[in-house]
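As they're listed, the protein sequences go chains A and B.
Anchor point for the first sequence: position 38 equals 38 in this note's numbering, and the numbering is continuous, going up by one each time.
All you need for this note's numbering is the position in the second sequence, starting with 1, plus 1000.
Each hint should be verified, as a subset may be incorrect.
Each computed DSS-like pair below joins lysine-lysine, with the alpha-carbon atoms no more than 25 Å apart [to be verified]:
(1) 27(A) with 51(A)
(2) 62(A) with 44(A)
(3) 51(A) with 62(A)
(4) 27(A) with 1049(B)
(5) 71(A) with 27(A)
(6) 44(A) with 1049(B)
Hints are computed from structural coordinates only; laboratory data are not their basis.
The model shown is predicted, which means the values in this text are computed figures rather than measured ones.
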Amino acid sequence: NAGVMQNPRHLVRRRGQEARLRCSPMKGHSHVYWYRQLPEEGLKFMVYLQKENIIDESGMPKERFSAEFPKEGPSILRIQQVVRGDSAAYFCASSPGTGENSPLHFGNGTRLTVT
Amino acid sequence: AQSVTQPDIHITVSEGASLELRCNYSYGATPYLFWYVQSPGQGLQLLLKYFSGDTLVQGIKGFEAEFKRSQSSFNLRKPSVHWSDAAEYFCAVGALGAAGNKLTFGGGTRVLVKP
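Generate coordinates for the entire structure from the input sequences, incorporating the hints supplied.
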């Protein structure tokens, strides 16, 4: 059973370009969480999605960032018109449900560098 | 609002020596508490978790943590450190429920192991 798969592992974008980060949850998991880790900092919650629905986007910047988790395919975190401050590691986690019996499983992250 | 503080940014320990990593949390209800480890360039691996019951929790890789409600702490310990324990360690507090399993992370403690 494959774990949470994130791709690409590394992504380099010039300022003003778009970045698309993909996350395939573990098999049977329908809940996805995105976190951002800035250099030398802990992980900060961005958004929580279930299939086709955004449940909680309280940690998502209001502009340029969007997320989706379509019925088919991976979850996508999209950053438009990237700026240097967007350089960070972006982690996805998935779980089969909510509550105590649904621990989060993390992917290895996508490291975004904006030049 | 919930928060997690890890007072030590870096800790250096000799191989074979004991290790203790501090974690203090702020949470309005009974907390769900976690410790994760992150090796360089990797995702997060769950070491252990506390939900209820025995306040001394055993985890993987020989780690344990003790929940002390009176001190709002959840310190991680290992009696004898191995070189492979060099990594970054994150404490997290979670709100688990119908609204999702959202975690709030501390800033992390980087552990260096001297031979």
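Hint check results:
1. Taking the CA atoms of residue 27(A) and residue 51(A), the gap is about 13 Å. The hint holds against a cut of 25 Å.
2. Restraint check: the Cα-Cα separation between residue 62(A) and residue 44(A) comes to about 15 Å, which is no more than 25 Å; the hinted pair holds.
3. Restraint check: the Cα-Cα separation between residue 51(A) and residue 62(A) comes to about 22 Å, which is no more than 25 Å; the hinted pair holds.
4. Our distance criterion of 25 Å between C-alpha atoms is met by residue 27(A) and residue 1049(B), whose separation comes to about 23 Å.
5. A threshold of 25 Å between alpha carbons decides the hint, and for residue 71(A) with residue 27(A) the separation of about 14 Å falls inside it, so the pair holds.
6. Between the alpha carbons of residue 44(A) and residue 1049(B) the distance comes to roughly 19 Å, so the proposed pair stays at or under 25 Å and holds.
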